[in-house]
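K.L.:
The residues making up each chain are set out below.
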Amino acid sequence: MTKATCEDTFIVKKRDLKYDYFSLVLAPFSQTAKLNPGQFVHIRLPSTDIYFRRAFSVAAIFPKKKEVEIIFKVFGRGTRLLGDLESGDRLDVMGPLGTSFVFPQRNERTVMVAGGVGFPPLMFLAEELVKHGYNPQSIEYFYGGRKGTDLVERSRIKKLGVNLHLITDDGSLGEKGWVTQPVEQFIKRHAHSKVRMYGCGPERMLKATDDLGLKYNIPGQLALEALMPCGVGICLGCVVAVKAGGYDRVCIDGPIFDIGVIKFEP
Amino acid sequence: MEFANPIMTASGCAGYGEELAELYPLSKLGALVTKSITRKPRAGHPPPRTVETPGGMLNAIGLANVGIDSFLKDKVPFLEKQKTKVIVNVAGSTIDEYVYVCSRLADCERVDMVEINISCPNVDEGGIEFGSNTAMTEKSISEVRKVFKRPIIAKLAPNVTSVVDIAKAAEQGGADALSIINSVIGTSVNINTWEPLLTNITGGLTGPAIKPIALAMVRDVYGSCRLPIIGIGGITDYKDVVEYLLCGATAVQVGTALFVDPTSPLKIVDGLKKYLKTKKLNAVTDLIGKVKNL
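Chains E and S, in that order, give the protein sequences. Convert by adding 20 to the 1-based position in the first sequence; the result is the number in our numbering. Convert by adding 553 to the 1-based position in the second sequence; the result is the number in our numbering.
Calculated directly from the structure, the hints in this document are not laboratory data. Cβ atoms here follow ideal geometry from the backbone N, Cα and C, with glycine treated the same way. Some hints here could point you the wrong way.
Unchecked claim - Computed beta-carbon distance windows for the label pairs:
hint, chain 1, residue 1, chain 2, residue 2, range
1, E, Asn237, S, Thr752, 28 to 38 Å
2, E, Leu105, S, Leu576, 24 to 34 Å
3, S, Gln725, E, Leu105, 54 to 64 Å
4, E, Phe82, S, Glu571, 48 to 58 Å
Unchecked claim - Using 25 Å as the maximum straight-line C-alpha spacing, the simulated SDA-like pairs for lysine to any residue come out as follows:
hint, chain 1, residue 1, chain 2, residue 2
5, E, Lys178, E, Lys283
6, E, Lys179, E, Glu223
7, S, Lys792, E, Thr25
8, E, Lys23, S, Ser580
9, E, Lys283, S, Lys593
10, E, Lys93, E, Ala47
Unchecked claim - Anything over 10 Å on all C-beta distances counts as not near chain S; from chain E, calculated:
hint, residue
11, Ser50
12, Leu186
13, Leu193
14, Lys235
15, Gly280
Here chain E stands alone, though its shape is the one from the complex (with noise of 0.2 Å):
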């Protein structure tokens, strides 16, 4: 594993997305060139009554200028201050932090399954594979959201050239529907190629995923969310339910679980 380091940095890019949703650039980050696509920065917020980090994972990198780039939706204090900030503002960056996805074989086809915010590591991820070679017309990037403004960088994904599939719960953009409904109609259609998954989002969502992964005996990998005090392995405060019996820490063990690993509340 790449050491972590903490490094104060500066917010150079900041982009009000909409609707709650903000994406900020931070730099410089001395290790943004080993931040694999999955793995997540722990970010210190400039306050003395918020204590703890608040863990995002990467969405994009731009290594030439050390740069390491963020989004996240306004939920509750912390992302509420970091949606406050200004480019300029200094910000603690620790990382990089995690597991991160395995890449797929070059001879199948990659499916996204991207709930609300957590798109952000399968766009990088998807950027990824498109940057090493991969035919972005063998990935499919299933985005559902629960109406259409919780669907953000839609064109981004676009442009990497891969197959976005939009849909909603509420119908107002997209498909209507659940985001694992389309995805298990296309496995279906596909159950002659070689698949993999790879998913990030709501609980409800990685679960869906999980089974479908499961039932059709495709491989792949979840990116999980925790609340997490400290990222690195130390509290045991992140921990998840594994069906080899106990807890996994997500932070350290994870975020990057293959599917099937997880003991998911039924």
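Chain S: place on chain E using the hints.
P.N.:
Then chain S, alone, in the frame of chain E:
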């Protein structure tokens, strides 16, 4: 016993040292205090196990640990290679369990000291039951004393009527030092669902929020007990350490701050050196118990 510096990690905040060793050499620490070890492995409580609170956190990890067998087999070989003092924290639900675990540790030369956790607020039995009763405190320490000949630290709970009485009982039982304090019992509730935020309902409050409580207890015990004190509670920077030393601590443990910045002990050691220089003092021992009007 000599330490490289007075900064130790607090039990439960640094695992068995492996993760921190990825970030810096453990020789930079005065001592590594391990997670509590019990006779059998414990998976710990189901999540959620932690809640962020103003100036700190609540935790109910539930003494998750590998158990004494695996500790000796799988963790000690790593610790053998580390050039720091190793203090093993020991928890139990019966006096027999403390004695059993300590007798196994007695055979392991790498273990420099044990810290007896008679104050864990997060388990159904044992732990705090021992530490909130003077007779039980004395008994558990004196029984461990019979099997463990190297130094014994008693880790005391703040949730007691008189921490001084408990400290004296530990001294009577044969403890060589006192760790003051363990976490403070607390809870937190979700106002939408009306459910507690922790699966275990209550947890231990740690972090800067408890520092004033711990400091007052260190000062009280320093005034009435001769044992060296290891101050614990909310230490984030060198200024906190100076306060603890002034109130009577000989050393300190950094806990929750490791979660915010795992390198904080290194920064504290540097800050402390600069403070001593500015104040024209030779050593940290010049600060111990020097608070005015003690």
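K.L.:
Now tell me if each hint is right for this structure.
P.N.:
Verification of the hints:
1. E:Asn237 <-> S:Thr752: 28 to 38 Å: holds (34 Å)
2. E:Leu105 <-> S:Leu576: 24 to 34 Å: With Cβ atoms ~27 Å apart, the hint holds.
3. S:Gln725 <-> E:Leu105: 54 to 64 Å: Holds - the Cβ-Cβ distance for S:Gln725 and E:Leu105, about 55 Å, lies within 54 to 64 Å.
4. E:Phe82 <-> S:Glu571: 48 to 58 Å: violated (33 Å)
5. E:Lys178 <-> E:Lys283: violated (34 Å)
6. E:Lys179 <-> E:Glu223: violated (28 Å)
7. S:Lys792 <-> E:Thr25: holds (24 Å)
8. E:Lys23 <-> S:Ser580: The given pair, whose Cα atoms are some 18 Å apart, holds under the 25 Å limit.
9. E:Lys283 <-> S:Lys593: Satisfied, since the Cα-Cα distance of roughly 23 Å is no more than 25 Å.
10. E:Lys93 <-> E:Ala47: holds (21 Å)
11. Ser50: holds (15 Å)
12. Leu186: Given a closest Cβ separation of 31 Å, the condition holds.
13. Leu193: Its Cβ never comes within 10 Å of chain S, the nearest being 29 Å, so this holds.
14. Lys235: Label holds. Min Cβ-Cβ 27 Å, cutoff 10 Å.
15. Gly280: Given that every Cβ of chain S is farther than 10 Å from that of E:Gly280, nearest at about 20 Å, it holds.
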